[in-house]
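Q: Okay, here's what each chain looks like letter by letter:
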Amino acid sequence: MAKIAAKPSAYSTDAAPNTLKDITSYNNFYEFGWDKGDPVKHAHQLTTDPWSVEIGGMVERPGSYGLEDILANVTLEERIYRFRCVEAWSMVIPWVGFELASLLNRAGVQPGAKFVAFETLYRPNEMPGQRAGGIDWPYREGLRLDEAMHPLTIMATGLYGEELPNQNGAPIRLVVPWKYGFKSIKSIVKITLTDREPVTTWKALQPREYGFYANVNPEVDHPRWSQATERRVGAGIFAGREPTLKFNGYEDQVAALYSGMDLRKNY
Amino acid sequence: MQAVASMNGALRRLPPGAVYLLGLLPLAWVVWLVVSGGIGVDPVKAIEHRLGKIGLWFLVGGLTITPLRRFAGINLIRYRRAIGLLAFLYIVLHLTAWIWLDMGLLWGQALADLYKRPYLLFGITALAMLLPLALTSNNASVRRLGRNWRRLHWLVYPAVLLGVVHYLMQMKVISTEGWLWLAAVLALLGVRFRLFGPRS
Numbered sequence: 010m011a012k013i014a015a016k017p018s019a020y021s022t023d024a025a026p027n028t029l030k031d032i033t034s035y036n037n038f039y040e041f042g043w044d045k046g047d048p049v050k051h052a053h054q055l056t057t058d059p060w061s062v063e064i065g066g067m068v069e070r071p072g073s074y075g076l077e078d079i080l081a082n083v084t085l086e087e088r089i090y091r092f093r094c095v096e097a098w099s100m101v102i103p104w105v106g107f108e109l110a111s112l113l114n115r116a117g118v119q120p121g122a123k124f125v126a127f128e129t130l131y132r133p134n135e136m137p138g139q140r141a142g143g144i145d146w147p148y149r150e151g152l153r154l155d156e157a158m159h160p161l162t163i164m165a166t167g168l169y170g171e172e173l174p175n176q177n178g179a180p181i182r183l184v185v186p187w188k189y190g191f192k193s194i195k196s197i198v199k200i201t202l203t204d205r206e207p208v209t210t211w212k213a214l215q216p217r218e219y220g221f222y223a224n225v226n227p228e229v230d231h232p233r234w235s236q237a238t239e240r241r242v243g244a245g246i247f248a249g250r251e252p253t254l255k256f257n258g259y260e261d262q263v264a265a266l267y268s269g270m271d272l273r274k275n276y
Numbered sequence: 151m152q153a154v155a156s157m158n159g160a161l162r163r164l165p166p167g168a169v170y171l172l173g174l175l176p177l178a179w180v181v182w183l184v185v186s187g188g189i190g191v192d193p194v195k196a197i198e199h200r201l202g203k204i205g206l207w208f209l210v211g212g213l214t215i216t217p218l219r220r221f222a223g224i225n226l227i228r229y230r231r232a233i234g235l236l237a238f239l240y241i242v243l244h245l246t247a248w249i250w251l252d253m254g255l256l257w258g259q260a261l262a263d264l265y266k267r268p269y270l271l272f273g274i275t276a277l278a279m280l281l282p283l284a285l286t287s288n289n290a291s292v293r294r295l296g297r298n299w300r301r302l303h304w305l306v307y308p309a310v311l312l313g314v315v316h317y318l319m320q321m322k323v324i325s326t327e328g329w330l331w332l333a334a335v336l337a338l339l340g341v342r343f344r345l346f347g348p349r350s
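First to last, the protein sequences are chains C and P. Heads up: the first sequence begins at 10 in my numbering, then just goes up one per residue. Heads up: the second sequence begins at 151 in my numbering, then just goes up one per residue.
For the record, the hints were derived by calculation from the structure and aren't laboratory data. Treat the numbers as computed from the prediction; the structure is a model and nothing was measured. It is possible that part of the hints are untrue.
Said to hold, decoys possible - FRET-style restraints, in silico, Cβ to Cβ: (1) P:M319 x C:K16: 41 to 49 angstroms; (2) P:W257 x C:M270: 32 to 40 angstroms; (3) P:M157 x C:A141: 36 to 44 angstroms; (4) C:G170 x P:L255: 33 to 41 angstroms; (5) C:S268 x P:Y265: 31 to 39 angstroms; (6) P:F343 x C:A264: 55 to 63 angstroms.
As the list claims (entries may be wrong) - Just a sample of chain P residues kept apart from chain C, beta carbon distances all over 12 angstroms, derived: (7) L164; (8) L175; (9) W304.
Heads up, the beta-carbon is just placed ideally off N, CA and C, and yes, glycines get one too.
Just chain P, same shape as in the assembly (with noise of 0.2 angstroms):
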């Protein structure tokens, strides 16, 4: 406990606005990684994956605030909405990555493609559900909001579970490290949902 309280006294010193930062440093690698030749023989897909899979740590790491003071005593409670916006960044540069780079802005042959392969309609509706929650994110809005405001972002919970389902999806053969994901994400969900333990 010692340890958790010298923590949440050090994080006191972190303001928020310094998590959106540190958050831009993967972006900074994926940038660094192009311009130095390191990305790779095919950039485009390594873009398109490693923003895919930036986001996904950000959506993820935020499903981990709540348990994390809940179980721990751990409170980052103030850095959520930096960590869910750094979430939706991501992945809508996932989402640029994938119509500008990877299709080539050929917006006929993509929606075809939508058609075709469910993964990429998953993906598409988890960022669409993140949509409202990052525009919602503002005071302003909380303030408006009120009850509904908390009710409007349990939408994180689908949108992340399709993210995952999504990265799932488009693997040829499913990697241990997809399952991990997947398994990490049906604990945060059984955690946040209390289908583990006894009710309270």
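The shape of chain C in the complex, shown without the other chains (with noise of 0.2 angstroms):
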């Protein structure tokens, strides 16, 4: 199998990461279903070739980036990150990709963007999750410009060393790994740079559960339940559960981006 040449990086957790199967089989997309078992059994419908990305809004080079071109402008890097997902489990993945702020840097942010917003493609006819109803499709996130900056938050192509399995998000997706999983949106297809804070799925379904931020933070529990622990997928029936930890174990990195903000109000 060819290995994508991905150099080590410093931001790497050195925690073991899941197995493969944990990470390829255990997923939250909801264009393929609603069940976690639903992705791995109806992502190959997804064709992911060609790809591109369209890039907008306030930048210098706005169009449409193939692929091909992104990847052949960046350096990847395996970074092994920690995942939490809002409904409080968690697993440790080997992501392979680029930090987020080369492509933007490539497209030139102009100086009055203050956030990114993101799209997933829309697509019903290969992803049968967005037949049925429930949410406004496509898939939207969005980041503040300077944590989308932020050399922790990348675009993920890869995983394990091989290239991203369409579950998983593929062709291209983002990581944002002090936030909750939601918020590392899937299949990108439209990036638009803006003066206004985004709409984002969530947050548009459920105000009340989901805000725009959604940093991992165990002070701040979820309205259903509480964040303060976790359950880590692979850890074996009787392992329990562990603290999780504010802004996913990244609070060193992160923290400075959300002082003097009240995280209770802006969860």
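Each chain sits in its own coordinate frame; assemble them with the hints.
A: Right under this line is the structure:
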């Protein structure tokens, strides 16, 4: 198998990664069904080649960026990150990717831009979940510009040294390791720089339960469950729960982004 | 009617003790899935959900016994205790899986979640209603309680209703299967309390 050439990174955790099977058969990707076992069953229907990302809004060089062109201009690294779902389970995942900042810099962020909006592909004939109701497709997410430019924020295109499987958001997805997993939008086709907070799918659906920031925070409970602890998928049936770390353990790197903000209000 | 009679005849040779053993087969199946690795990537949730679902099958199965006799002439009355106790066993195991495997015995957090998630409270209430039924399922209690035994055991109806509501509420989006379970339980309650048809 052709391994993707990816440099190790100082940002990687030394925690042991979950198995490839864990990571590729337990997914929330509602475009392919509500059950965590649905994406692995249905995501093979998705065509990921050719693929391009439309970068627009407040950028100097808007346009359609082909995936191969994007990859030709970045340095791929392996980033082994903790991944914490808002549902209070977690994994450790060895992503391959590049810093989002490098792509945004290539497009040229205009001075007035404050936020970055992302959109997943909308292609109901290949994404059966989009033929069902419940969510206003396409899936949308967003970051504040400083969050997007942070070196921990990556665009992932691989997993375990191989191309990203479809159920994990192929061919290109966001990974923001200090936020709940739903922020890390999959199968991205559109990136828009803007000066106002973009509409994000879960916040639009349930604003009381899901906020724009969605930073992992054991001190701020979800309205329907505690976020103080998490269950590590793959840890064994008697492993119990482990304490959730503030900003998912990336507090030293990212806490400064939120200094002076009330994290209870900006959940 | 011939078929029903021969079925009742065959059932006479099946002692209730055998029903207890048969009723443990689903548990053996779950244990086998765990041991063989076939339970999936998240065994904790799978064990928890499977045990709850099996409990629901037995609870609803128990409710079908009286209507089966009344409308189809099939007599399963002497297995009702076994089915009820098996339902209770699986629901106790379901609760145990939640507090032990899922919550990791973090009692404080479990109690706090109980308050936040009404469906947990519904489930626990259903189990609390089943507890006196299990405790008074022996012959001595039936004799001692007399008419009150029957009154006490009416608790099974609100318990099953709460149980099925608990099952539906934990879904992010209620599935077709969920609605079918609710419809089945409402139909069985309707039959039991003669909500349909002429009152006798």
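Q: State for each hint whether it applies.
A: Here's how the hints hold up against the structure:
1. P:M319 x C:K16: 41 to 49 angstroms: The hinted range 41 to 49 angstroms holds for M319 (chain P) and K16 (chain C), with Cβ atoms some 48 angstroms apart.
2. P:W257 x C:M270: 32 to 40 angstroms: holds, 33 angstroms
3. P:M157 x C:A141: 36 to 44 angstroms: Given a distance of about 42 angstroms, which is inside 36 to 44 angstroms, the answer is holds.
4. C:G170 x P:L255: 33 to 41 angstroms: Given about 38 angstroms between the Cβ atoms, the range holds.
5. C:S268 x P:Y265: 31 to 39 angstroms: holds, 33 angstroms
6. P:F343 x C:A264: 55 to 63 angstroms: Once the Cβ atoms are compared, 59 angstroms apart, the range 55 to 63 angstroms for A264 (chain C) and F343 (chain P) holds.
7. L164: holds, 35 angstroms
8. L175: Correct as stated: the minimum Cβ-Cβ distance to chain C is 21 angstroms, above 12 angstroms.
9. W304: It holds; W304 (chain P) is separated from chain C by about 32 angstroms at its closest Cβ, greater than 12 angstroms.
The structure shown violates none of the earlier numbered hints.
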